[in-house]
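Engineer: What follows is the residue order along each chain.
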Amino acid sequence: DQQVKQNSPSLSVQEGRISILNCDYTNSMFDYFLWYKKYPAEGPTFLISISSIKDKNEDGRFTVFLNKSAKHLSLHIVPSQPGDSAVYFCAASEYNFNKFYFGSGTKLNVKP
Amino acid sequence: DTAVSQTPKYLVTQMGNDKSIKCEQNLGHDTMYWYKQDSKKFLKIMFSYNNKELIINETVPNRFSPKSPDKAHLNLHINSLELGDSAVYFCASSQGNLNTEAFFGQGTRLTVV
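Protein sequence lines correspond, in order, to chains A and B. Position 23 (the first sequence) corresponds to 23 in my numbering; numbering is contiguous. Adding 1000 to a residue's 1-based position in the second sequence gives its number in my numbering.
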């Protein structure tokens, strides 16, 4: 049973525009959420995270939004760049649990 | 200097063989993990170790045996390999019970023929 879901397997965006990647979760005990970026033949690389006590966290071009009532989070990339083309994984964990649950990933293609 | 390194990167072996994947982290983390990425691209946790002790074992067949000789190393031994074991295996580490991110190795693509 997937507790973290990314329903869009792929997304194509023009360079300079906004990319919005979405993620839904089912476990109300999750209190920490992360986004990872993955290039082919490499391991996932941490991008940005958010704690459940916040609803927004921003780091440069990347912003993560958390809607706890809807059990939904999203990653905004503005402006999108061709180098952002990769697979993005959403992940979540419960406090004090040595375990991250991952979504199935969304492949982002940023066209020049 | 690689933070989490795992070897080998590629491993092709025959059914029934026994193989090991090694993982080392130089981040000083006290928690290490093994994740499996299957053909559907899901990343699923297999094991979690905290200070060399097994914390999580996600109903993985007992042909898979993790071994942690110290905090910086978590190796994965797989006995009697089966075709269904073909996947990419990722090692990761994090700073234990704090809400912090996990750092991943580059992955080991295991192909069982």
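To be clear, the hints were calculated from the coordinates, so they are not data collected in a lab. Any given hint could turn out to be false.
[Said to hold, decoys possible] Within a straight-line C-alpha distance of at most 20 Å, the following computed SDA-like cross-link-like pairs (lysine to any residue) qualify:
(1) B:K1019 x B:F1103
(2) B:K1040 x A:S8
(3) B:K1041 x A:S104
(4) A:K107 x B:S1039
Predicted model only: the values in this text are computed from it and were never measured.
Engineer: For each hint given before, does the structure comply? Return the numbers of the non-compliant ones in rising order.
Structural biologist: 1
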